[in-house]
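K.L.:
Next come the chains, spelled out residue by residue.
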Amino acid sequence: MDAKSNVDEIQDVVIRFSGDSGDGMQLTGSLFSDTAVFSGNDIVTFPDYPAEIRAPQGTVGGVSGFQVHIGSSQVLTSGDFADVLVAMNPAALKANTKWVKSGGTIILDKTSFTEKNIQRAGYVKDPIKESKLEDFNIIEAPISEITKNTLENSDLDNKSILRCKNMFALGIVCWLFNKDLDVAIDFLQNKFKKQPLVIEANKKVLEAGLNYAETIQAVERHRVAPAKIDKGIYRNINGNLATSWGFIAAAEKANLELFVGSYPITPATDILQNLSQRKDLGVKTFQAEDEIAAVCSAIGASFAGDLAITSTSGPGLALKTEGVGLAIMAELPLVIVDVQRGGPSTGLPTKTEQSDLFQALYGRSGESPLVVMAASTPSNCFNYAFEASKIALEHMVPVILLTDGYLAHGSEPWKIPSMKDFPEIHPPIAKEGEEYIPYKRDEKTLARKWAIPGTKGLEHTLGGLEKDENGDISYVPENHQVMSELREEKIKRVENYIPELKIEGNKDADLLVVGWGGTYGHLATAVKELNNEGKDVALAHFNYINPLPKNTGDVFSKFKKIIVCELNLGQFVNYLRIKLPEFKYEQFNKIQGLPFTVVELKDNVYKLLEDK
Amino acid sequence: MADNKTKLTFKDFKSKGDVKWCPGCGDHAILVSVQKAMADMNYKHEKFVSISGIGCSSRFPFYVNTYGFHTIHGRAGAIASGAKVANPRLSVWQITGDGDSLAIGGNHFIHEIRRNMDINIIMFNNQIYGLTKGQYSPTSPKGQVSVTSPYGTVEKPFQAGALVIGARGTFFARSMDNKVNLTAEVLEEAAKHDGASVVEVLQNCVIYNNGAHAYFSDKEHKEDRQLILHDGEPMIFGKERDKGLILDDSKLKVVKIGEDGITKDDILIHNAGLEYSGIHLMLATMEPPFPIALGVIRNVDDYTYANELAQQIKDVQAESKIKCVDDLLLSGKTWEVK
Numbered sequence: 320m321d322a323k324s325n326v327d328e329i330q331d332v333v334i335r336f337s338g339d340s341g342d343g344m345q346l347t348g349s350l351f352s353d354t355a356v357f358s359g360n361d362i363v364t365f366p367d368y369p370a371e372i373r374a375p376q377g378t379v380g381g382v383s384g385f386q387v388h389i390g391s392s393q394v395l396t397s398g399d400f401a402d403v404l405v406a407m408n409p410a411a412l413k414a415n416t417k418w419v420k421s422g423g424t425i426i427l428d429k430t431s432f433t434e435k436n437i438q439r440a441g442y443v444k445d446p447i448k449e450s451k452l453e454d455f456n457i458i459e460a461p462i463s464e465i466t467k468n469t470l471e472n473s474d475l476d477n478k479s480i481l482r483c484k485n486m487f488a489l490g491i492v493c494w495l496f497n498k499d500l501d502v503a504i505d506f507l508q509n510k511f512k513k514q515p516l517v518i519e520a521n522k523k524v525l526e527a528g529l530n531y532a533e534t535i536q537a538v539e540r541h542r543v544a545p546a547k548i549d550k551g552i553y554r555n556i557n558g559n560l561a562t563s564w565g566f567i568a569a570a571e572k573a574n575l576e577l578f579v580g581s582y583p584i585t586p587a588t589d590i591l592q593n594l595s596q597r598k599d600l601g602v603k604t605f606q607a608e609d610e611i612a613a614v615c616s617a618i619g620a621s622f623a624g625d626l627a628i629t630s631t632s633g634p635g636l637a638l639k640t641e642g643v644g645l646a647i648m649a650e651l652p653l654v655i656v657d658v659q660r661g662g663p664s665t666g667l668p669t670k671t672e673q674s675d676l677f678q679a680l681y682g683r684s685g686e687s688p689l690v691v692m693a694a695s696t697p698s699n700c701f702n703y704a705f706e707a708s709k710i711a712l713e714h715m716v717p718v719i720l721l722t723d724g725y726l727a728h729g730s731e732p733w734k735i736p737s738m739k740d741f742p743e744i745h746p747p748i749a750k751e752g753e754e755y756i757p758y759k760r761d762e763k764t765l766a767r768k769w770a771i772p773g774t775k776g777l778e779h780t781l782g783g784l785e786k787d788e789n790g791d792i793s794y795v796p797e798n799h800q801v802m803s804e805l806r807e808e809k810i811k812r813v814e815n816y817i818p819e820l821k822i823e824g825n826k827d828a829d830l831l832v833v834g835w836g837g838t839y840g841h842l843a844t845a846v847k848e849l850n851n852e853g854k855d856v857a858l859a860h861f862n863y864i865n866p867l868p869k870n871t872g873d874v875f876s877k878f879k880k881i882i883v884c885e886l887n888l889g890q891f892v893n894y895l896r897i898k899l900p901e902f903k904y905e906q907f908n909k910i911q912g913l914p915f916t917v918v919e920l921k922d923n924v925y926k927l928l929e930d931k
Numbered sequence: 004m005a006d007n008k009t010k011l012t013f014k015d016f017k018s019k020g021d022v023k024w025c026p027g028c029g030d031h032a033i034l035v036s037v038q039k040a041m042a043d044m045n046y047k048h049e050k051f052v053s054i055s056g057i058g059c060s061s062r063f064p065f066y067v068n069t070y071g072f073h074t075i076h077g078r079a080g081a082i083a084s085g086a087k088v089a090n091p092r093l094s095v096w097q098i099t100g101d102g103d104s105l106a107i108g109g110n111h112f113i114h115e116i117r118r119n120m121d122i123n124i125i126m127f128n129n130q131i132y133g134l135t136k137g138q139y140s141p142t143s144p145k146g147q148v149s150v151t152s153p154y155g156t157v158e159k160p161f162q163a164g165a166l167v168i169g170a171r172g173t174f175f176a177r178s179m180d181n182k183v184n185l186t187a188e189v190l191e192e193a194a195k196h197d198g199a200s201v202v203e204v205l206q207n208c209v210i211y212n213n214g215a216h217a218y219f220s221d222k223e224h225k226e227d228r229q230l231i232l233h234d235g236e237p238m239i240f241g242k243e244r245d246k247g248l249i250l251d252d253s254k255l256k257v258v259k260i261g262e263d264g265i266t267k268d269d270i271l272i273h274n275a276g277l278e279y280s281g282i283h284l285m286l287a288t289m290e291p292p293f294p295i296a297l298g299v300i301r302n303v304d305d306y307t308y309a310n311e312l313a314q315q316i317k318d319v320q321a322e323s324k325i326k327c328v329d330d331l332l333l334s335g336k337t338w339e340v341k
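As they're listed, the protein sequences go chains A and B.
Quick note on numbering: the first sequence equals residues 320 to 931 in the numbering used here.
Quick note on numbering: the second sequence equals residues 4 to 341 in the numbering used here.
What the hints contain is simulated information worked out from the structure, not anything from laboratory work.
Glycine included, C-beta positions come from ideal geometry on N, C-alpha and C.
Don't take each hint at face value.
[Said to hold, decoys possible] Listed below are the simulated DSS-like cross-link pairs for lysine-lysine, each with C-alpha atoms no more than 30 Å apart in a straight line:
1) A/LYS598 - B/LYS326
2) A/LYS826 - A/LYS926
3) A/LYS513 - B/LYS324
4) B/LYS326 - A/LYS734
5) A/LYS550 - B/LYS47
6) A/LYS550 - B/LYS324
[To be verified] Taking beta-carbon pairs under 10 Å as the criterion, some of the chain A residues facing chain B (in silico):
7) ALA568
8) LYS572
9) GLY580
10) THR780
One chain only, chain B, in its complex shape (with noise of 0.2 Å):
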């Protein structure tokens, strides 16, 4: 976690240089989302650091006014890893896409995960390779046809926030590019997460894959078919507020307030801290009939890589004996030639 506050408003995170994504791309409204998220979190302007790999998500560092690495594909979770530990008090994140995290970076992604390291991560999901000019991805759904799919593809789809919870994440929110309030909101709350937050933003790329995720943003139906989750209220959905969730044999179940003698209370309270990650899991990776949930789905404390690193090295430092290289180089088995 960052130190030092003090106020800063989203004008002080935007960059000096054109924003170059496609005109109608999702990523500008999640660059504005993600610079009102750093004001209002309060910390020293100097102390954020962005870092992305490469597609066009990753362009990203230089449109946000903060110290920045554009990077290689696929290894800003490694790089963003080092920095970290390197400094423990900057406020990194990480800014990635659907592949650069799930398909070539897939390992670090798991593995920055699992560490827990303290850094945000962005990944914006579009379902496919954009920068490259339309390939499928490793989200695309099974089916799908591009430029290297002319068939469809013939893949399973990763969903990552099983791949999130698989990978024991202590935090996963997910967000579509077109709501500006819940993203900077979810991001917020990433931001204050200590340990690894995955935030997943479905994004809408309008030159290779426009309406990848219409069926849930879709105005006439989305309040049926998106669940914003709200930590301690019940996960109810739709225009009339009338659906919710229940647990029934062991699985989640839509159902409708008021009939079957459904009432309010019988409806899944949401519990985003709670450690056991099997109902965070099934909230995931729903799929239509179900709608998607969208906010911040899962919120664990636990430790973090650097915060451990650091407490170790002091408890080390306090019973070594070794102060200096000096130290070191005659410690142990020496002799004197006289």
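So that you can see chain A by itself, here it is in the shape it has in the complex (with noise of 0.2 Å):
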């Protein structure tokens, strides 16, 4: 049979590459992902890799796993379980098999089965020749020595050789999904410009994967129709590149320059890396000698004038605490993105959470309250990163704004917006004549102005010790009591320069999936099918927590009952219980490093709707 007749168009597929952390599978993930993007399909990705670099080869521990989700309708997440897993060694089918579908098809490197790493990645037999994957179509493939055949006669030395064994998975891939080689290619070429040789054997060794693919027709081979989606252009762009970007977006828009003063910690460190390129926008990255010095020199940049940001995650954000604190105190506009891990500590580096809200909200000394706001897909960490600049450029205040490994790492087709669609950013510089009182504040915002250092007759003097309207060092018990109700009262008015919050799904359903922040593509994937099912489920996902919309207790209002799900054991329904104690909340906490599933979400909302 001719092979290309034997296509079976499907709407969507999941499909996991997993080897161990030196095997590239990050890399073949992202190719696949950016081939099937180019073919016209909407994605969501999602990278899933141990804190180590190089765990110890052939464990479990070291595996290293990134799945997509590509679809011919809109893809909300990266999909609970995959369709196809790639395997290279034993570890990584052991500590992935519990993510396929029963009846999906798992793709094994044949050669890395030998003995010792069989025994390496904990299996007691040969997990094959057990038997125990009889729910699976099993590809037993020799990845490593057809690699190694195919490049018998080529100048690279036999560790080289084998590493393109990668090549060779996604070229099997290429093939099951109907996709062309010309992005994995094309990528080639650019990234080995000056090693040809090497260029050669990974084409040579992905043509030979897909040829073997071809010639086995061990599976049917499916294709995903592209997606319909809005005209316009479009790129591939994950959660810290559109944070990155949004930053110098909003620096643009207010026409100041951008400062970043930033300590690496994963998973935030691609935000400084970002920007650091970014000196053609003449953005000025300070890579600092600590968390605390990076918080610090941006609050100097803030008082010098600057658009200033800070990026970190939740260990990063206990450091910077103190000089939030100067910042909330000084009434200067500063941003700080946490990327939120598992915690606490050191916790789970590299895998996502929602458990830094609290810390975000109340870990600081003192009344000191900040806008916290979050991100809820990939893409729009862009305008969320954009947003929180503006918003602390023209009310002169923190802002937290908090994302996750998840989006951070995560990617999705993103329709590239024109900046003239974006709104002017205008911060309340003080300007020279004028008479400056430096805490004297906007009627409306109760935002003090901002005199920038180099401007003539605006002398003055900010710090941490608490002060009157005209700057000057007070012990006064009831100027104290004013200033704190005061820098209380000006986050709380940012309500009224935030959007109302929106309900999705079935907008006369009893109950309300409440969320926030990067669950939003589970969360909103799950009511959908819900709703689809007949059930009626609405759902309201919020980006704005400190303050919340204005609108929030008229929307709840409406529902019988509320459940709140996040990634965390309840930090977001404990605040609404503060803030809203007039309504009565269900909660869904889930902590494990890892997103919903859409499954387990229907799964509670099911529980909740049989028990009326």
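Starting from two chains that each stand alone, build the complex the way the hints lay out.
P.N.:
What follows is the structure, given as structure tokens:
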């Protein structure tokens, strides 16, 4: 039978690439993702890798995975379970079997299933021979062996030859899903410009993988049709890149220079890296000696008139605490991005979680309110980084923007916006010649004015001590009360400048699912699927947490039951219990360092729908 | 380095508020020296920024009429670095103490020096925590009795100069609070220096550590116990100007001119601009029976962080096709859905 005629159209498919941390699975996964988007599919990706750069070879602890969900219609999650798993060694199989759908396909590198590797992975006996995998369609491909044979006459050394084996796996998967190799080849040619031998070898192996799949014809071939997507120019973007670029966009719209004071920390490091590449747009990145210096340098830059930001993750935010308090007291604009990871302490550095919410809201000395907001998809990190900067600058407040490991490293196609569609940002900068009173406030926002050093006649001193309106140190008891209340009220009034909370799904439902931040894709998919099944459920997803959207109480009052779903032990739900105590909240919490699955979300909703 | 020159006097830098240091505190004299030095620099008044941490000395920004920022304990160096990078045209002065910069802020201190941030750092060293009422500091001599060391400290103190040189500092000077003119003189040198300039001012805390520097400032013996360095001049000191330093067996040695055949020509000539820091380190760490070295000990030209960064930005901008955010968003791999 002609291979091409044997192609089955499917709606969507989830593919998981897995191997040793050194096997190049992240690259293989992202190359396949790029291939899929270029052929018009919608995608969401989810890299899942260990904290160790190279954990002991062949052990489960060292397995690195990359999951991609591709669809012919809008895709909002990286998929609960994989239709296809690529496992480059026994450990990868062991770690990932539970993530494969029953009846799914597992492609193994048979060459790597040696006795030693099988034992290292923690199997007592060969799992293939044990027929523990009978629920799956197993393709035993001698990936390493064919890779070696293919390159037997090349001038590369043995190690470099074996390094090409990920391309073999990519070749197989490209054939299975009817994708051509152009994107991958194009990438290889750019990446190894100066090493033609390496380009040639990888290309050969890639083609060998494709030919192998075509020859064995072990599985049905699938095609995921292009998704119907809005017209426009698109690019693939992950959360950290979108966040980084959102800040540059805000600086441009505010007509300010961008200063980034950061210290490397997983999973936030990309933000510093991305921004350090943008010297062409005048971005000043300062890799500080520690997290404290990172936030403090940003505060200094803000004092001196830049749009100043600092990026970090949970433990880093803990170190920045005192500095953030100073920014609150001095009333300087500042954005702190916390790319949340599993905690506490070092916790699960490469895994996702939403457990820094309380730290963001409350983790400082004294009465120290600030704005807390959260992005909810990889690409809207751009919008929320922009919005966080706008609020910080126009209201003269620090803003904590929460993203998470899932958003940070997950990617999706993004319709590239035009900067003319974004609003100008107007920070209240004091001008030469005007009478300057450091803590005199705008009537509406309560923002004080920003007098930038170098401006003639506006000399003043800021500080962390309590002060009066003139900026003079004041220990007067009543003044402290007034100033504390003003700082609180100033944050509250931000509610007048943020959008109202929207409801998705069945608006007449009795049950409201509530979420915030990076879980949007899973919650929206679950609610959509439930609606399609005829279940009456609605979704309210929060991007603004402090202050909450003004209509939150109105929205909640329309529902009989509210379930708050989050990746922690119940921080947002308890915050809501403080802010809106008149409602009763159910909660569903998961804290495994993993995103929700749509299945488990639906199961929890079914339960609530049942007990009426 | 700040630009745009204009004529100012030290009165332009007096703040309207009251100075609230203890009567007799050495800080008062240092304040006058700084105001003098600022006026003599001939920069525009609005270009001056003073940034401090926490401690007695750190109240300084409230007492000098410039843009000011009284921040948090130990962090002035990081905050000043951010301000300088944000606007390299500012003349940034960091006011700190021995506790603020060498204990809680030690990390920021060594890194701003290593980066050669163009900041004038004035460290008031009184060898005690004054604001918290008398605990020993990282510069308190071993054995010092304080409220947290009632039986004497068991710690080895920091030598500020050694730390600065160890962090690859390009400028280190030392003065004493009661030497108003010398302090102003070295501060001017510090301000002129492109890069991190550290001026250690030995300061007397009348309340909690009175007389900490008395050995060196003692009226009777000060000429014999202080070596005031001048670039290009021999290292001569003493009431009779008859003592000097020579190198003997790779170590400094005090000699008397006219004894053992020593003449003025044998005395070491001070070269603050010498890149090699060996002699500077020896001078900065001299302890009795040697005299204490005052004046500019080290003053070496080197590249500075903010200038390098500004230049790098210029260079990259000249080469890059990306000129605005729209260009950036459309750069790299994109595709069109029609």
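K.L.:
A separate judgement is required for each hint: does it hold in the structure or not?
P.N.:
Here is how each hint holds up against the structure:
no., hint, result
1, A/LYS598 - B/LYS326, "holds, 10 Å"
2, A/LYS826 - A/LYS926, "holds, 20 Å"
3, A/LYS513 - B/LYS324, "holds, 23 Å"
4, B/LYS326 - A/LYS734, "holds, 20 Å"
5, A/LYS550 - B/LYS47, "violated, 55 Å"
6, A/LYS550 - B/LYS324, "holds, 26 Å"
7, ALA568, "holds, 5 Å"
8, LYS572, "holds, 8 Å"
9, GLY580, "holds, 6 Å"
10, THR780, "holds, 3 Å"
Hint 5 alone, counting from the list given before, is not met by this structure.
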